[in-house]
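Undergrad: Respectively, the protein sequence lines represent chains S and D.
With the first sequence counted from 1, adding 449 to any position gets you the working numbering.
With the second sequence counted from 1, adding 449 to any position gets you the working numbering.
Keep in mind the hints are simulated off the structure, nothing from the lab.
There may be inaccurate statements among the hints.
Note: identical chains are not told apart, hence a pair may lie in one copy or across any two.
As the list claims (entries may be wrong) - As a list, the in silico EDC-like pairs of lysine to aspartate or glutamate whose alpha-carbon atoms are at most 20 Å apart:
1) 461 - 765
2) 484 - 496
3) 458 - 759
4) 461 - 768
5) 484 - 538
6) 484 - 499
Number of protein chains: 2
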Amino acid sequence: MPTLILTAKDVKELIDMPEVIEVVEKAFADWANGKAAMPPKAYVQVERGDFRAMPAAIPGGAGLKWVNVHPDNPSRNLPTVMAILIYNDPSTGYPLAIMDATELTAYRTGAAAAVASKYLARRDSRTLGLIGAGRQAHTQLMAHLSLFDLQEVRAYDRSPAATDRLIKAFPKTRIRAASLADAAESDIVCTVTPAHEPVLMKEHVRPGTHVNAIGADAAGKEELDPSILNNAVVVVDEIVQASRSGEINVPVSKGLFKVESIFATLGDIVSGKKVFERRPSAVTVFDSTGVAIEDVATAKLIYERARAEERYHAVDMVEA
Amino acid sequence: MPTLILTAKDVKELIDMPEVIEVVEKAFADWANGKAAMPPKAYVQVERGDFRAMPAAIPGGAGLKWVNVHPDNPSRNLPTVMAILIYNDPSTGYPLAIMDATELTAYRTGAAAAVASKYLARRDSRTLGLIGAGRQAHTQLMAHLSLFDLQEVRAYDRSPAATDRLIKAFPKTRIRAASLADAAESDIVCTVTPAHEPVLMKEHVRPGTHVNAIGADAAGKEELDPSILNNAVVVVDEIVQASRSGEINVPVSKGLFKVESIFATLGDIVSGKKVFERRPSAVTVFDSTGVAIEDVATAKLIYERARAEERYHAVDMVEA
Numbered sequence: 450m451p452t453l454i455l456t457a458k459d460v461k462e463l464i465d466m467p468e469v470i471e472v473v474e475k476a477f478a479d480w481a482n483g484k485a486a487m488p489p490k491a492y493v494q495v496e497r498g499d500f501r502a503m504p505a506a507i508p509g510g511a512g513l514k515w516v517n518v519h520p521d522n523p524s525r526n527l528p529t530v531m532a533i534l535i536y537n538d539p540s541t542g543y544p545l546a547i548m549d550a551t552e553l554t555a556y557r558t559g560a561a562a563a564v565a566s567k568y569l570a571r572r573d574s575r576t577l578g579l580i581g582a583g584r585q586a587h588t589q590l591m592a593h594l595s596l597f598d599l600q601e602v603r604a605y606d607r608s609p610a611a612t613d614r615l616i617k618a619f620p621k622t623r624i625r626a627a628s629l630a631d632a633a634e635s636d637i638v639c640t641v642t643p644a645h646e647p648v649l650m651k652e653h654v655r656p657g658t659h660v661n662a663i664g665a666d667a668a669g670k671e672e673l674d675p676s677i678l679n680n681a682v683v684v685v686d687e688i689v690q691a692s693r694s695g696e697i698n699v700p701v702s703k704g705l706f707k708v709e710s711i712f713a714t715l716g717d718i719v720s721g722k723k724v725f726e727r728r729p730s731a732v733t734v735f736d737s738t739g740v741a742i743e744d745v746a747t748a749k750l751i752y753e754r755a756r757a758e759e760r761y762h763a764v765d766m767v768e769a
Numbered sequence: 450m451p452t453l454i455l456t457a458k459d460v461k462e463l464i465d466m467p468e469v470i471e472v473v474e475k476a477f478a479d480w481a482n483g484k485a486a487m488p489p490k491a492y493v494q495v496e497r498g499d500f501r502a503m504p505a506a507i508p509g510g511a512g513l514k515w516v517n518v519h520p521d522n523p524s525r526n527l528p529t530v531m532a533i534l535i536y537n538d539p540s541t542g543y544p545l546a547i548m549d550a551t552e553l554t555a556y557r558t559g560a561a562a563a564v565a566s567k568y569l570a571r572r573d574s575r576t577l578g579l580i581g582a583g584r585q586a587h588t589q590l591m592a593h594l595s596l597f598d599l600q601e602v603r604a605y606d607r608s609p610a611a612t613d614r615l616i617k618a619f620p621k622t623r624i625r626a627a628s629l630a631d632a633a634e635s636d637i638v639c640t641v642t643p644a645h646e647p648v649l650m651k652e653h654v655r656p657g658t659h660v661n662a663i664g665a666d667a668a669g670k671e672e673l674d675p676s677i678l679n680n681a682v683v684v685v686d687e688i689v690q691a692s693r694s695g696e697i698n699v700p701v702s703k704g705l706f707k708v709e710s711i712f713a714t715l716g717d718i719v720s721g722k723k724v725f726e727r728r729p730s731a732v733t734v735f736d737s738t739g740v741a742i743e744d745v746a747t748a749k750l751i752y753e754r755a756r757a758e759e760r761y762h763a764v765d766m767v768e769a
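For reference, chain S alone in the conformation it holds in the complex (with noise of 0.2 Å):
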């Protein structure tokens, strides 16, 4: 049995939207039920970035993400982040794909914040604002017109051409250029910036509003005032995670946010384990950090479909 090997073309021909959304809404189930498993993320520091091992096993699948983050690789015209997966089946340990996980993690990111926003936006959401047009905001954008019916998307970049991009790349969906305060007047708030500072304040947030804070993936980072946080019922992918690397990261060093306060992961939301009753004026804040199960998840699909489609490259990579 061969092993597949899936570039970076061939996943973003076999990946789709609405499937990861029910994966990785699948694995936290899962997760919350005690039916995978996840070590944390081992870091590996070099001179110029890090490295990030991701494993994790799911029901029926198994696997590991290793990415790097080197900041200065834009000058050198090589994208920040890259990253491999293996996918294995767990009942035997065989590597059965090794692929391009780079458009896969931006999917993931995007189903998980979806997922989110199922359970805590308003139900009847029907605009969605973007605090950042990059890249990142391309898969939430896709993501949450696959789960709500988007009357408007309102977008804000520091940069018109990354809004530019956005509008070009979605030409069916109404997506205006809008100011900050403006995108922030929104059902669902998405805010997916590298920011370092609080760009999303307080008074900027009206009641009702769910926001998911996608940007900060390590210490230090920030997108949201604290004291959003402190009026908000806060839930988080990964409680030491978030808490060591995510939106809350830095107020929880600053004593200005409890890691007691958070109100629940998401697995225990999607599970059940958790009940969340909306109030109408109640602001949510999903605090993702992005966790392997969704990666793994997401891989499982890619490679059946892959699998099913036999004209995908396949090598010998172990003796067997």
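Following the hints, put chain D in place on chain S, whose structure we already have.
TA: Below, chain D without anything else, positioned relative to chain S:
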């Protein structure tokens, strides 16, 4: 710049033991001198086995080995252990190569033991005893043949077929099938069994012997009578890992050996941070658990050779 895909067959063509010994020795020195980074292995348990993520960075190379252990695999005609390694440029994170790492693991394990023998065994060692003659014994022998002028090799295995295969694989080397006591009466002894109870007993070991304890790689496994350790100079590859899953793990857990009694790490010895002057009658033991710097150093070698030869399969794995 594409990513090289190197199968088990490719790696076998490219790998060369004397070179592996050299780079593994250097990796241990670099690590002791603070020039390498290696977090602890991350484990993922699944129903029928487990997976281990082993990331590391050394000067000029970074990477991660992802390896499974599924004990029931032979009944399904699959190897118990299969490993894939992703090798990256540490300065950009670019995935330069993805390779099978099963053979690589056997080679680097042999190489690490030979490096330990170089520093710990008597310089005039002329006989090698192999306790266990399976796959790992082949690379132990290969590695010791490249550093020592061996007059005779004595191989003991419960299965005569395993010993036969070893003898046939090294037609130029004088190997004889031996009893356990006979094999143990050698200048250098390598234990390469899956034992969960001591195989090599105190009465087997002559003064002046160096023992490479290779087999124990998980909690509960041990190959040596603990009283051998108490009268020996004990060197480990990594202290925490050795205490939890190496040869010393069972004696440590039973209070029969103290972690403080470890003389040094192999890195300390190789780098000259700790000097070992052998008394003729001393018994030395190297407790090998296997560390990711060995894998990445070996992968760097294989990658560089493959890149130079320009005839291996390369794909545009990531978009860059």
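Undergrad: When no copy is named, should residue 458 and residue 759 be tagged within, between, both, or neither for a Cα gap of at most 20 Å?
TA: within (16 Å within a copy, 23 Å between copies)
Undergrad: Tell me, please, which holds for residue 484 and residue 499 at an alpha-carbon limit of 20 Å: within, between, both or neither?
TA: between (30 Å within a copy, 15 Å between copies)
Undergrad: At 20 Å max between alpha carbons, let me know whether residue 461 reaches residue 768 within a copy, between copies, both or neither.
TA: between (29 Å within a copy, 11 Å between copies)
Undergrad: Check residue 484 against residue 496 for me: Cα-Cα at most 20 Å, and say if that holds within a copy, between copies, both or neither.
TA: between (38 Å within a copy, 10 Å between copies)
Undergrad: Is it within, between, both or neither when you check residue 484 against residue 538 at 20 Å Cα-Cα?
TA: within (16 Å within a copy, 36 Å between copies)
Undergrad: Are the CA atoms of residue 461 and residue 765 at most 20 Å apart within a copy, between copies, both, or neither?
TA: between (24 Å within a copy, 13 Å between copies)
Hint check: no violations occur; every hint is consistent with the structure.
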